[in-house]
Every structure is written in C-alpha cells, then in structure tokens.
Amino acid sequence: MESLSDRFQALRTTIEAMAGANAVVIVAGACERDGADAVVRGLAVAYGEAGSNVVLMSDRSSRARLAKVTVLPIMSMVGVNAAKLNARFAQLRAEYDVVLIDVPVLFERSLDAELARRSDGVVLAIEQHRRITAHDSQIAAMLDRLSVRRLGVVMTKPDLHASVSVSDAPVRHGAALRKPSAQRT
Amino acid sequence: MTTQLRDFRSVLDVLWRRRLELVALLLVALFVTWYSAKHVKPKYSAVSTLLLVAEPPDADKMHPTTVQKPLLTSDLPAIVTSETVLSRFREQTGSKLSSDTLRSKIRARVGGDSNLLPIEFSDASDATAISSANALSAQTSRYYREIATSRFDSLVADFSAQLKERAARLRVLDQQLQELAGEYPYVDSKDGTSSVYDRLVHLRAERAEVAATADGDQAQATETTKRIAQARPLALSDVTNQDQAYRRLSEQYGHDLAAFRHTAAYGAQNYPGLGELQGTVEAESRDVARARNRAAAAGPQANASYVAALADVNKARATAAADRAKLASIDAEIANLDGSLSKGGAAARVAQVRRDRDAAGSAYELLAGRLDKALADRSEAASTGSLVPIDRAAVASRQVWTTSALMVVALGVFSIWLAFSLIFLIEALDVRFRTPSSVERVFGAPVIGNLT
Numbered sequence: 001m002e003s004l005s006d007r008f009q010a011l012r013t014t015i016e017a018m019a020g021a022n023a024v025v026i027v028a029g030a031c032e033r034d035g036a037d038a039v040v041r042g043l044a045v046a047y048g049e050a051g052s053n054v055v056l057m058s059d060r061s062s063r064a065r066l067a068k069v070t071v072l073p074i075m076s077m078v079g080v081n082a083a084k085l086n087a088r089f090a091q092l093r094a095e096y097d098v099v100l101i102d103v104p105v106l107f108e109r110s111l112d113a114e115l116a117r118r119s120d121g122v123v124l125a126i127e128q129h130r131r132i133t134a135h136d137s138q139i140a141a142m143l144d145r146l147s148v149r150r151l152g153v154v155m156t157k158p159d160l161h162a163s164v165s166v167s168d169a170p171v172r173h174g175a176a177l178r179k180p181s182a183q184r185t
Numbered sequence: 186m187t188t189q190l191r192d193f194r195s196v197l198d199v200l201w202r203r204r205l206e207l208v209a210l211l212l213v214a215l216f217v218t219w220y221s222a223k224h225v226k227p228k229y230s231a232v233s234t235l236l237l238v239a240e241p242p243d244a245d246k247m248h249p250t251t252v253q254k255p256l257l258t259s260d261l262p263a264i265v266t267s268e269t270v271l272s273r274f275r276e277q278t279g280s281k282l283s284s285d286t287l288r289s290k291i292r293a294r295v296g297g298d299s300n301l302l303p304i305e306f307s308d309a310s311d312a313t314a315i316s317s318a319n320a321l322s323a324q325t326s327r328y329y330r331e332i333a334t335s336r337f338d339s340l341v342a343d344f345s346a347q348l349k350e351r352a353a354r355l356r357v358l359d360q361q362l363q364e365l366a367g368e369y370p371y372v373d374s375k376d377g378t379s380s381v382y383d384r385l386v387h388l389r390a391e392r393a394e395v396a397a398t399a400d401g402d403q404a405q406a407t408e409t410t411k412r413i414a415q416a417r418p419l420a421l422s423d424v425t426n427q428d429q430a431y432r433r434l435s436e437q438y439g440h441d442l443a444a445f446r447h448t449a450a451y452g453a454q455n456y457p458g459l460g461e462l463q464g465t466v467e468a469e470s471r472d473v474a475r476a477r478n479r480a481a482a483a484g485p486q487a488n489a490s491y492v493a494a495l496a497d498v499n500k501a502r503a504t505a506a507a508d509r510a511k512l513a514s515i516d517a518e519i520a521n522l523d524g525s526l527s528k529g530g531a532a533a534r535v536a537q538v539r540r541d542r543d544a545a546g547s548a549y550e551l552l553a554g555r556l557d558k559a560l561a562d563r564s565e566a567a568s569t570g571s572l573v574p575i576d577r578a579a580v581a582s583r584q585v586w587t588t589s590a591l592m593v594v595a596l597g598v599f600s601i602w603l604a605f606s607l608i609f610l611i612e613a614l615d616v617r618f619r620t621p622s623s624v625e626r627v628f629g630a631p632v633i634g635n636l637t
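Chains as they are written, first to last, in my numbering: chain A, 1 to 185; chain B, 186 to 637.
Check the hints yourself; a few may be wrong.
Stated by the list, open to error - In silico lysine to aspartate or glutamate, EDC-like type, Cα no more than 20 angstroms apart, as pairs:
hint: 1; chain 1: A; residue 1: LYS157; chain 2: B; residue 2: ASP198
hint: 2; chain 1: A; residue 1: LYS157; chain 2: B; residue 2: ASP615
hint: 3; chain 1: B; residue 1: LYS349; chain 2: B; residue 2: GLU550
hint: 4; chain 1: A; residue 1: LYS157; chain 2: B; residue 2: GLU625
Claimed, not checked - Away from chain B, derived, C-beta distances all over 10 angstroms, residues of chain A:
hint: 5; residue: THR14
hint: 6; residue: ARG60
hint: 7; residue: GLN128
Hints are computed from structural coordinates only; laboratory data are not their basis.
Fair warning: this is a prediction, and the values are worked out from it, not measured in the lab.
By construction, the Cβ of each residue, glycine as well, lies at the ideal position given by its N, Cα and C atoms.
So here's chain A without its partners, still in its complex pose (with noise of 0.2 angstroms):
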C-alpha cells in the first residue's frame, strides 16, 4: 500500500505540474477539521524533501516543527495594501521555488479573498465523509466570484494532522524577505 509520504509526492507532482514553477499555492479548509494545516505541512514536506525552495507562510504554532521548509507569518501581510502585497507576492516567487499559504478555513478572513487572488491556484483539504454544509457552497460560490483557479482538492481523514511525518531538523525562520538575489547565492 501506497505509504502517505508517497501520495505527498504524488499530490506535489500534480501541483507542481498544474500550478508551475515559482507558484504561489493556497492550501485551504472549508473548516476546521478538514485538516488543511496537515496537508499543507505535508506539501512542504514533500516539496522540500524534493529539493525545492519551499516556503510556508502560516499563523499555527506547528509550523516550527517542519524541516527544510522555510515559514513564514501570514500576519505579516494583514493590513498591507495592494500594491505592497504585490510587491511581496513578487517577491516570494523570485525568491521560492513554491509559496504554500496555509488558511485553515477559506475566506475566514478578509485577507483569504486578498491572497486567493494573487495566487496561482487554492488547493482545498476536505474531510472524507465530512458533513455536506451551506459553508462548501458559500466557498465554492466565492472562488467563483474571485474567479480563482482550483487546482483540485485533497481528501484528509480526521487523524491525518497525527500521520503526517515531522521532522526535528532546526526550522529555517523566515522573518524577513530576503531579496531574491541573496536567495540565489
């Protein structure tokens, strides 16, 4: 049976092949429980594990627990304006093969619509046999509106955030941009 490390590798590819290079990818819940976080550490892990320049920007606290995978706050971007979020999307892909942004639950925050639309695609974490609510169609609506490109979704199971593997290596802290030269050397 195909182990979870390996499906990682599988949904990267798939990403990777749908989103392209230097993508700013949105690894989103439509609640809680869908197990977002997990995937979108998973991801990481998959991405860095292959050798990517990978970039997390994520609130939880589990993001210092992550190896090779570089996370950053999403808080820093809240209360930025357009024109500096560019910048600084633009930024991250000069300077990250791949931007995963964890949102644990989809257009939560005014925020969510802000980076949905400056991505390259949301990939959404839905619960196997998860409850059918009015809050999966208000977010389908909404990416429609946004015409934000759907990548796909990924199927998660309730102890998927226990299964996936973490590692002990030191966590590369991101606390500031650094410039995409700098990345390159």
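For this one, chain A is given, so just place chain B on it according to the hints.
Using the frame of chain A, we list chain B on its own:
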C-alpha cells in the same frame, strides 16, 4: 465495468456503514411478517363442474337451421361472475357478501377447446365452500339457459304484439264488412255486383213461374167460388129438407093443399068446410114458411158437402193469396236489387274492404308462421346449448398458496425492501463528502489527492 464495481462497492459501503440501522429495520420487518402470518386464516376451495352441451362440429350440415350457441365458450367465466348470477346466488344462499368480494372468491376458467367449466369457490369454511360452489353452478346453468332463450323471448314478444295488432285490424275489417253487408245486403263482399245480377235473373225467372202459378191458383179459386155459389141453394135445401119439423109441416101442408085444391076443383059449393080448409092451408103455408126460414137460418154450413166445398174455396183463395204475396215479395226483392245496382260505389267499397281484409289475413298468417318458427327455435335453444352440472362439489381442499399467504410473503418482501430503502433514504438525507464525485459536484474541482 469498473464503474459498476465501484457503485456496487459503494452500496456495500453504505450497508456496512448503516448495519445497525439495517439490522433493526430487518428485525421489525420480520416481526411484522411473522405477526401477519400468524393471523392468516385457512382457506378451503371446492369445485363444481359444468358441461357445455354444444352442437357437434357438423351440426350445420345436419341441421342447416339449427340454433347456434348464444355465447362463446371462452365467455362462460364472465357469466359465472356476472351480477345476475351473483345476485341469485345471494338469494339462494342468504350470503351478505358484496359482488366484488364474491368475485374474489370465485375462480372459473375454461381450458383450451374444452367444454368443461370448473367453478371453484374459496372460503374459510369448507362447508360454505362446497355449498357455494354447487349453488353457483346451479345459478350459472339457469342463467345460461335464460340467455339461450331470451333472444327468442324478445322475438316472440315482438311477434305476439304484432299479431295482436293484426288481429285487431282484422276485427275492424270484419266489422266493416258486416256493416257493409247490412248496408248493402245484395252486394257480395267477395264478388261485388256480379252475384246481384245472377240473383236478379234468378228472381225474375222465379217471378214468372210464381206468376203463372198464381194465375192458375186464382182461376181455380174463382171457379170454386162459382161452384160454392151454385151449391149454396142446394146446400140450403138439403139443410132445410133435413129439418124434421119443416119436413112434417111441409108434408102436412102438401096434403092439405092437395085436398084443398081437389075440393076446390070439385066444387066449393059442395063442400062447406072449404073455407076453413083454405084458412088451414094458408096457416100451414105460413108455418111451413116459418119452419123453412128457421131451418134455413142454420145456413149452408150445416151441410157437410157445402162445408167441404167451402174449404176448397178457402184453400184456393189462400193459395192465390200466397201466390200474390210471394209475387209481391219477389217484386220487392227485385226492386231492392235494382236499387242496390243503382248504388255504384258500394261494390267498390266492399271490394276494397274485402281486399284489405284479405291482405291483413295474409299478413296475420305470415306472422303467425314466424311466431311458430320462433317458438320452435326457442324450444330448440332451451334443449341444446345448455350448461349442465356434471360434477357437484362434495369435498373442499385446503389451499396453501392462498391470496392471504401470498400477501404475507409479499408483505415480508416489501418489508425487507422497505428496510433497505429506508437505509438508502437515510443515507441520501445524510449528505456527506463520501465519494470524489460528491466533492467535485460541490466545489467544481477534481480530487487530485487522497490522504485517507
């Protein structure tokens, strides 16, 4: 094929996921089925068989005018469950069941070309099943016979009504003929005036003959009258001479008259009593005259010969009078016939009525013949093409797969089906992200990873 397997697996997944609910529902279904089966009453059926007495295949060749069967054999089951038969069945058995209920208990079917009609009656009581099957076969046989003859009944009734009208018409025409006969007695209703002419010729010949006879009789009467007139003095003389007193007085008178005349001839001076004698003669002459008158007062009828002659006279006169009367009668009849001949329309009218009467009579006879034919056909139909009970129901057998039993089985199947349906209904109402398609349907994006 893969899709089918996936669907089948999804079904199994649903059943496994809802196994507790499914088991509970199946237990309820089994309990309901068991409870229903416990209350199913036993059912008995009895069969009574009827035989359709049909014409042989070559009946038409043998009897070209034979009466056909009123119904097809395949229609017989409909007769068994007809409202008429069921109504009579209720009257016979005192059953209170409705027609629909009775029909559900009756089973009648004709197989293939068979002329046998088995009638099966089912009931919770074996005795009721037997008696009802027999009563049903009896009423069916009776009703079939009525159907076979009813078509002729209407025909017979129609012919009878027409015959009644024709008879009334005949009576009217006969009445008219009688009235015309009274009004024109010499106009024959058949031959019109031709017979009147014949009658006139006959009457005239008869009149001539009677007139000749009358003349002869009248002459004879006249002659006899003359003879009686001539015989009257002789008869009176005979009657007078036969009177004893007159004869003695006349003889005395003759003697005395002769003596007087003799005395007077020989000299009255010589006989002194001549005057007295003369007085005596004269007195005797008066006595003789009185005696003669007295004797003559009896009339000639006292004389037998005269009476016989008088009878001949009367007979001759009567014959003459009869002849005259007959002549007068013939003359009157001739006058009437002449008068009838002068009424030219009478003959035509009588002839017209006569023709109408003949036509009506012919029509009446024709109708009577057709009525006889219809009655004969009706009798033939009653004797042939009938349903005859050949095997009465004597025993009733208990049915295993009755409607109730099948209903219980159906109820069980339905309950199980309902249990599974409820499972899937619950599953359908419990909307979840169970399959990739459900995810794609909601978000409009494909499933690109499965981390379950």
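> Going by Cβ atoms, does A/GLN128 stay more than 10 angstroms from chain B at every point?
Replying inline: violated (5 angstroms)
> Against chain B, does A/THR14 keep a CB gap of more than 10 angstroms to every residue?
Replying inline: Nearest chain B Cβ is 5 angstroms from A/THR14, so the label is violated.
>> Would the hint linking A/LYS157 and B/GLU625 be met if the CA-CA limit is 20 angstroms?
In response: holds (17 angstroms)
> Does B/ASP615 lie within 20 angstroms of A/LYS157 when you go C-alpha to C-alpha?
Replying inline: Distance of about 18 angstroms is within 20 angstroms: holds.
> Can the restraint linking B/LYS349 and B/GLU550 be considered satisfied, given a maximum Cα separation of 20 angstroms?
Replying inline: Holds: B/LYS349 and B/GLU550 sit about 12 angstroms apart, inside 20 angstroms.
>> Please verify whether A/LYS157 and B/ASP198 have alpha carbons no more than 20 angstroms apart.
In response: holds (17 angstroms)
> So is A/ARG60 really clear of chain B, every C-beta pair being over 10 angstroms apart?
Replying inline: With a cut-off of 10 angstroms, A/ARG60 remains clear of chain B, as the shortest Cβ separation is near 18 angstroms.
Comparing the model with each earlier hint shows violations of hints 5, 7; every other hint is respected.
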